[in-house]
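Q: Residue-level listing of the chains:
Number of protein chains: 2
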Amino acid sequence: MEFPKKAEIIAVGSELLLGQIANTNAQFISKQLAEIGVNVFYHTAVGDNPERLKQVIRIAEERSDFIIFSGGLGPTKDDLTKETIANTLGRPLVLNDEAFQSIEDYFKRTKRTMSPNNRKQALVIEGSDVLANHFGMAPGMLTEHESRYYMLLPGPPSELRPMFENEAKPLLLKKMGSNEKIVSTVLRFFGIGESQLEADLEDIIDAQTNPTIAPLAADGEVTLRLTAKHADEKETERLLKETEAVILERVGEFFYGYDDTSLVKELSIACKEKGITISAAESFTGGLFSEWLTDHSGASKLFAGGVVCYTNDVKQNVLGVKKETLDRFGAVSKECASELAKGVQKLTGSDIGISFTGVAGPDAQEGHEPGHVFIGISANGKEEVHEFHFAGSRTGIRKRGAKYGCHLILKLLEQK
Amino acid sequence: MEFPKKAEIIAVGSELLLGQIANTNAQFISKQLAEIGVNVFYHTAVGDNPERLKQVIRIAEERSDFIIFSGGLGPTKDDLTKETIANTLGRPLVLNDEAFQSIEDYFKRTKRTMSPNNRKQALVIEGSDVLANHFGMAPGMLTEHESRYYMLLPGPPSELRPMFENEAKPLLLKKMGSNEKIVSTVLRFFGIGESQLEADLEDIIDAQTNPTIAPLAADGEVTLRLTAKHADEKETERLLKETEAVILERVGEFFYGYDDTSLVKELSIACKEKGITISAAESFTGGLFSEWLTDHSGASKLFAGGVVCYTNDVKQNVLGVKKETLDRFGAVSKECASELAKGVQKLTGSDIGISFTGVAGPDAQEGHEPGHVFIGISANGKEEVHEFHFAGSRTGIRKRGAKYGCHLILKLLEQK
Numbered sequence: 315m316e317f318p319k320k321a322e323i324i325a326v327g328s329e330l331l332l333g334q335i336a337n338t339n340a341q342f343i344s345k346q347l348a349e350i351g352v353n354v355f356y357h358t359a360v361g362d363n364p365e366r367l368k369q370v371i372r373i374a375e376e377r378s379d380f381i382i383f384s385g386g387l388g389p390t391k392d393d394l395t396k397e398t399i400a401n402t403l404g405r406p407l408v409l410n411d412e413a414f415q416s417i418e419d420y421f422k423r424t425k426r427t428m429s430p431n432n433r434k435q436a437l438v439i440e441g442s443d444v445l446a447n448h449f450g451m452a453p454g455m456l457t458e459h460e461s462r463y464y465m466l467l468p469g470p471p472s473e474l475r476p477m478f479e480n481e482a483k484p485l486l487l488k489k490m491g492s493n494e495k496i497v498s499t500v501l502r503f504f505g506i507g508e509s510q511l512e513a514d515l516e517d518i519i520d521a522q523t524n525p526t527i528a529p530l531a532a533d534g535e536v537t538l539r540l541t542a543k544h545a546d547e548k549e550t551e552r553l554l555k556e557t558e559a560v561i562l563e564r565v566g567e568f569f570y571g572y573d574d575t576s577l578v579k580e581l582s583i584a585c586k587e588k589g590i591t592i593s594a595a596e597s598f599t600g601g602l603f604s605e606w607l608t609d610h611s612g613a614s615k616l617f618a619g620g621v622v623c624y625t626n627d628v629k630q631n632v633l634g635v636k637k638e639t640l641d642r643f644g645a646v647s648k649e650c651a652s653e654l655a656k657g658v659q660k661l662t663g664s665d666i667g668i669s670f671t672g673v674a675g676p677d678a679q680e681g682h683e684p685g686h687v688f689i690g691i692s693a694n695g696k697e698e699v700h701e702f703h704f705a706g707s708r709t710g711i712r713k714r715g716a717k718y719g720c721h722l723i724l725k726l727l728e729q730k
Numbered sequence: 315m316e317f318p319k320k321a322e323i324i325a326v327g328s329e330l331l332l333g334q335i336a337n338t339n340a341q342f343i344s345k346q347l348a349e350i351g352v353n354v355f356y357h358t359a360v361g362d363n364p365e366r367l368k369q370v371i372r373i374a375e376e377r378s379d380f381i382i383f384s385g386g387l388g389p390t391k392d393d394l395t396k397e398t399i400a401n402t403l404g405r406p407l408v409l410n411d412e413a414f415q416s417i418e419d420y421f422k423r424t425k426r427t428m429s430p431n432n433r434k435q436a437l438v439i440e441g442s443d444v445l446a447n448h449f450g451m452a453p454g455m456l457t458e459h460e461s462r463y464y465m466l467l468p469g470p471p472s473e474l475r476p477m478f479e480n481e482a483k484p485l486l487l488k489k490m491g492s493n494e495k496i497v498s499t500v501l502r503f504f505g506i507g508e509s510q511l512e513a514d515l516e517d518i519i520d521a522q523t524n525p526t527i528a529p530l531a532a533d534g535e536v537t538l539r540l541t542a543k544h545a546d547e548k549e550t551e552r553l554l555k556e557t558e559a560v561i562l563e564r565v566g567e568f569f570y571g572y573d574d575t576s577l578v579k580e581l582s583i584a585c586k587e588k589g590i591t592i593s594a595a596e597s598f599t600g601g602l603f604s605e606w607l608t609d610h611s612g613a614s615k616l617f618a619g620g621v622v623c624y625t626n627d628v629k630q631n632v633l634g635v636k637k638e639t640l641d642r643f644g645a646v647s648k649e650c651a652s653e654l655a656k657g658v659q660k661l662t663g664s665d666i667g668i669s670f671t672g673v674a675g676p677d678a679q680e681g682h683e684p685g686h687v688f689i690g691i692s693a694n695g696k697e698e699v700h701e702f703h704f705a706g707s708r709t710g711i712r713k714r715g716a717k718y719g720c721h722l723i724l725k726l727l728e729q730k
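Same order as they appear, the protein sequences are chains W and R. Once you know that position 202 of the first sequence is 516 in my numbering, the rest is easy, because the numbers rise by one and skip nothing. Once you know that position 27 of the second sequence is 341 in my numbering, the rest is easy, because the numbers rise by one and skip nothing.
Warning: the hint list may mix true and false statements.
Copies of the same chain look alike in the list, so a pair counts if it fits in one copy or across any two.
Said to hold, decoys possible - Cut-off 20 Å, straight-line C-alpha distance, at most; resulting in silico cross-link-like pairs (SDA-like, lysine to any residue): (1) Lys-391 - Gln-510; (2) Lys-660 - Gln-630; (3) Lys-713 - His-686; (4) Lys-488 - Ala-348; (5) Lys-713 - Asp-609; (6) Lys-422 - Glu-701; (7) Lys-488 - Glu-547; (8) Lys-713 - Val-578; (9) Lys-391 - Ser-509; (10) Lys-391 - Thr-523; (11) Lys-368 - Gly-710; (12) Lys-483 - Gln-334; (13) Lys-345 - Lys-636; (14) Lys-648 - Phe-355.
No lab work stands behind these hints: they were computed from the structure.
Looking at chain W on its own, in the form it has when it is part of the complex (with noise of 0.2 Å):
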């Protein structure tokens, strides 16, 4: 059976119409679908009730060969969502016996018992291809019926991304067998506006078709996706590989990575190959810095430690911020921000001591606007601060500095 391409995605769950979440998983799914190349036409969500769903299904058969559902797989009596098309579609459900397993496991695992109700999660749709659930108990599914596929995935995002990404998408494109091929990549950069990137780039970008160049800005960070097509693998490679060169000509400075990897990922490769040290001195930051840093196991090779110093006391008793410092240039200080460096340095013991100390806001401190902030680094006996003006929340200046702070050491590493 050749693989469909009209696909549509149906949500199931009353959560969604009574505005309690949004269905990011519509957006997760179809743009994860837009990359192999199968167009969606439609979003549906509709809550917890058979005969709604019902008319769901039979509206999307009409115009749709790939329906794809997401949530209802759960345990509680809510949870109706692969009786009903098991239902709609006259096939029974089965016990699966991994699935089964699987949940016995985790049950185990916790320490919890079981509950009659959990088995139910087990049943999947006769004859389909069970997608597993590493991070929940329902599994997933694929059933092929009357020309039609219908896939059903959990609904909590930390269960369906992975399931996606890992179990759906390379089952899907075997069964697509295509012989175009389109390939993906995305460059991604820091310390450059989407703007100015744009700006900068607008005579490539007008021109170019094969690869496609597509902008995004995000986070305070911009992206450059190249999407290639040819039957060839090795010439969509080679045609993305051309692409990026000359952006890189133009805009390199600012590149950091490829894909899906971030600034933290990239300093924690770079400073796990030169087996560098950091530890961090946050106080606006109040604890991002080491939270993302510490967010991959392993990071115990590289991330010596860090203190949250959001008050003086622990600057000076802590960190050793001499106690004139503060009097006379303030905690929001050039100055402080160079002794908190080479404090936590010494304190940790790490090749590279890291600071951060700035008013996050929403209100000015010391005299200081919200998103004036100073980074300290110290490393190889000296110090070095650098001092910025962030625009934004509370939030998005905690996250830029974060961010900085990440670029700045790895800027620092590639000169070593």
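Fit chain R to the known structure of chain W by using the hints.
A: What follows is chain R alone, placed relative to chain W:
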């Protein structure tokens, strides 16, 4: 004409189907409508394609009597929502003088020249109530046609939200002339799973019709939304309070707050009220707890400081954990948690010291499985340690740990 009760929301825009943005407009409108007692039964997203939009309108007309559109009111060729609806209803578009004036003013104010396609934005379906746009150019509108209502709203959330709240909602309430008030409240629980909560309350949830009770699990927490309807607003309040009391009698020990609050917010409020300061020694949470507590301004009043003690060196040298404790029991132990909590309390001089030590995963550590964690609390001259076995991803285990930290301190403060 009686105001319709079956609403659905149609979002128009190919960017939704490509996954470039999430349909947050549908969430916003649904929440707003729920508040005034209008039930939303479906969300649909469709691309900038007149044929498919027409079909979606036909489907909506068969099942709903209030259809709300968002997006596609702009000046470009892609923007065709208004034209397609006018065409479907067989009603002409006419120039709205006020909207035209407001567009002209906008161009004068921003010192730009108005292009001819901007005039298109001032067209409205004849006979509509016009909804003024104070944050953009395209006006919204509400049209009655053959016992149905059609509402058109602009796509950008910065325009749609104020238009809905300030223009559309008052108009709807006027049209409704309803005297039935609908009031909703959300009860938030932590430390109990969704299926356990539902099992404990099954008979109440099943029997209850006014208020209705809707459970929802997200991010390790469970919420119950109670929604009461009555002509007398005081009576809705009484109905809610009555049901809340019955629920809390059974599962009150897990209840921590109402509506949009969070564990961190509740903890911040409780600490500020009682003048209590907190410090944190974070191993497996890596700074997450500190980051949460400092994410609101005024955090310096309650957060005395934090140490991210990922390595044993920092545990020993900065926080004073004994070498023999680490040698004999390991870092992932009751004993280490206890000394860490005491150590950070002493270092910062805070009222309460909390510690997080354990295995975030994905790999086991010191012979402990991922999710095996200890949380220590030092207060009033004594230490207590809580042991947990969490399931989930590395990030999930860290979050759960930080949430339990808030929960445990809140419980401690309640006792005082």
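Q: Each hint should be assessed against the structure and marked as holding or not.
A: Cross-check of the supplied hints:
For the homomeric pair Lys-391 and Gln-510, the shortest alpha-carbon distance between copies (13 Å) is at most 20 Å, but the shortest distance inside one copy (53 Å) is not. With identical chains, the CA atoms of Lys-660 and Gln-630 are at most 20 Å apart both within one copy (14 Å) and between copies (15 Å). Only within a single protomer do Lys-713 and His-686 lie at most 20 Å apart by alpha-carbon distance; the minimum there is 14 Å, versus 30 Å between protomers. Taking identical chains as interchangeable, the C-alpha atoms of Lys-488 and Ala-348 lie at most 20 Å apart only when both belong to the same chain, with a minimum of 16 Å there against 44 Å between chains.
Taking identical chains as interchangeable, the C-alpha atoms of Lys-713 and Asp-609 lie at most 20 Å apart whether they share a chain (15 Å) or sit on different chains (11 Å). Taking the shortest Cα distances, Lys-422 and Glu-701 sit within 20 Å of each other only across copies (16 Å), while inside one copy they are farther apart (52 Å). For a Cα distance limit of 20 Å, the shortest separation of Lys-488 from Glu-547 inside one copy, 16 Å, qualifies, whereas the shortest one across copies, 58 Å, does not. Taking the shortest Cα distances, Lys-713 and Val-578 sit within 20 Å of each other both inside one copy (12 Å) and across copies (19 Å).
Taking the shortest Cα distances, Lys-391 and Ser-509 sit within 20 Å of each other only across copies (10 Å), while inside one copy they are farther apart (50 Å). In this homomeric assembly, Lys-391 and Thr-523 come within 20 Å of each other (Cα to Cα) only across copies, at 17 Å, whereas the closest approach inside a single copy is 48 Å. In the homo-oligomer, the alpha carbons of Lys-368 and Gly-710 never lie at most 20 Å apart, since the shortest distance is 43 Å inside one protomer and 34 Å across protomers. In this assembly of identical chains, the alpha carbons of Lys-483 and Gln-334 lie at most 20 Å apart only when taken from different copies (19 Å versus 28 Å within one copy).
For a Cα distance limit of 20 Å, the shortest separation of Lys-345 from Lys-636 qualifies neither inside one copy, at 52 Å, nor across copies, at 52 Å. For the identical chains of this complex, Lys-648 and Phe-355 are neighbours neither inside a copy (51 Å) nor across copies (55 Å), given an alpha-carbon limit of 20 Å.
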